[in-house]
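Engineer: Okay, here's what each chain looks like letter by letter:
There are 2 protein chains.
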Amino acid sequence: MTATVKEFLEACENLGTLRLIVTSSGAVLEARGGISKLFYAELPKGKYANMHTEGFEFHLNMDAIKKVKFETGEAKRGNFTTYAIRFLDANEEPALSLFLQWGKPGEYEPGQVEAWQSLKDKYGEIWEPVPVEAI
Amino acid sequence: MTATVKEFLEACENLGTLRLIVTSSGAVLEARGGISKLFYAELPKGKYANMHTEGFEFHLNMDAIKKVKFETGEAKRGNFTTYAIRFLDANEEPALSLFLQWGKPGEYEPGQVEAWQSLKDKYGEIWEPVPVEAI
Numbered sequence: 004m005t006a007t008v009k010e011f012l013e014a015c016e017n018l019g020t021l022r023l024i025v026t027s028s029g030a031v032l033e034a035r036g037g038i039s040k041l042f043y044a045e046l047p048k049g050k051y052a053n054m055h056t057e058g059f060e061f062h063l064n065m066d067a068i069k070k071v072k073f074e075t076g077e078a079k080r081g082n083f084t085t086y087a088i089r090f091l092d093a094n095e096e097p098a099l100s101l102f103l104q105w106g107k108p109g110e111y112e113p114g115q116v117e118a119w120q121s122l123k124d125k126y127g128e129i130w131e132p133v134p135v136e137a138i
Numbered sequence: 004m005t006a007t008v009k010e011f012l013e014a015c016e017n018l019g020t021l022r023l024i025v026t027s028s029g030a031v032l033e034a035r036g037g038i039s040k041l042f043y044a045e046l047p048k049g050k051y052a053n054m055h056t057e058g059f060e061f062h063l064n065m066d067a068i069k070k071v072k073f074e075t076g077e078a079k080r081g082n083f084t085t086y087a088i089r090f091l092d093a094n095e096e097p098a099l100s101l102f103l104q105w106g107k108p109g110e111y112e113p114g115q116v117e118a119w120q121s122l123k124d125k126y127g128e129i130w131e132p133v134p135v136e137a138i
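Top to bottom, those sequences are chains A and B.
For the working numbering, add 3 to where a residue sits in the first sequence, where the first one is 1.
For the working numbering, add 3 to where a residue sits in the second sequence, where the first one is 1.
Isolated chain A, as found in the complex:
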């Protein structure tokens, strides 16, 4: 599957409620929300995808993302599976992670895990986006 980060992010709108996670050298911020109403801007640092909601704002430098990885894991609390998408930078570190957000531990929204699995089948477990040409 040949796709840009922009196209892929827009496909992530189907994933329902997510936990968006950004990690710096010393802090982690996690916001709850779905991907929707993305808008774009070209800045000196790169081409950005942006989203504003009442509770949070999110900005992704799409040019910085070199790989996208689908990942399942074991929840730290509770015995259930987590479903994540990692947006990896040139050092293979996650610049952004999206986790399917559960309500009660392990209880996902109807169709949410299937939507994640369907994206994984379509794009592949690890894939390299092509550059965003114009926004």
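No wet-lab data here; the hints were simulated from the structure.
The reader is advised that the hints may include incorrect statements.
Any copy, or any two copies together, can satisfy a pair, since identical chains are not distinguished.
Claimed, not checked - Taking lysine to aspartate or glutamate and the EDC-like style, the derived pairs with C-alpha atoms no more than 20 Å apart in a straight line are: (1) Lys107 / Glu60; (2) Lys72 / Glu57; (3) Lys79 / Glu60; (4) Lys107 / Glu57; (5) Lys48 / Glu96; (6) Lys79 / Glu13; (7) Lys72 / Asp92; (8) Lys79 / Glu57; (9) Lys79 / Glu45; (10) Lys9 / Asp66.
Chain A is already provided as a structure; the job is to place chain B on it using the hints.
Structural biologist: Chain B in isolation, oriented as in the chain A frame:
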């Protein structure tokens, strides 16, 4: 003023509604909320301050913070002053930033700017926290 990051974060509860910002190599996440009900955990990576709300979660490795800096700026949109606190890592990069959150551009909550100024007067424009000993 001799203080730990833990003591200072707790003093930040007086700042009212904030914009918490964490930046990775390729993404920025900004959440709106006040600092309150912090809880602590010692992990292999360091001593963490944590906060959970309905809309976001926040984790700060207090051991990673080497300097704290008060900073005013000019808002990108609108002609008004922004008030920030930067939690700097060993490379003097912000691991976490807290901005006073405005409602309408330039309109802060009553007493909010004064609380920021009072913290700045107490701690100094740039100061180095002492290590958190026990949590």
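Engineer: None of the hints should be skipped; say for each whether it holds.
Structural biologist: Hints and how they fare:
1. Lys107 / Glu60: Result: close only across copies, 16 Å inter versus 25 Å intra.
2. Lys72 / Glu57: neither (29 Å within a copy, 27 Å between copies)
3. Lys79 / Glu60: between (26 Å within a copy, 15 Å between copies)
4. Lys107 / Glu57: between (23 Å within a copy, 13 Å between copies)
5. Lys48 / Glu96: So Lys48 and Glu96 pass the 20 Å test inside a copy (18 Å) and across (17 Å) alike.
6. Lys79 / Glu13: neither (29 Å within a copy, 27 Å between copies)
7. Lys72 / Asp92: Within one copy only: 11 Å inside a chain, 28 Å across chains, cut-off 20 Å.
8. Lys79 / Glu57: between (29 Å within a copy, 19 Å between copies)
9. Lys79 / Glu45: This pair counts as between: shortest inter-copy Cα distance 16 Å, intra-copy 38 Å.
10. Lys9 / Asp66: Intra 10 Å, inter 36 Å, cutoff 20 Å: intra-copy only.
Hint violations for this structure: numbers 2 and 6, all remaining hints satisfied.
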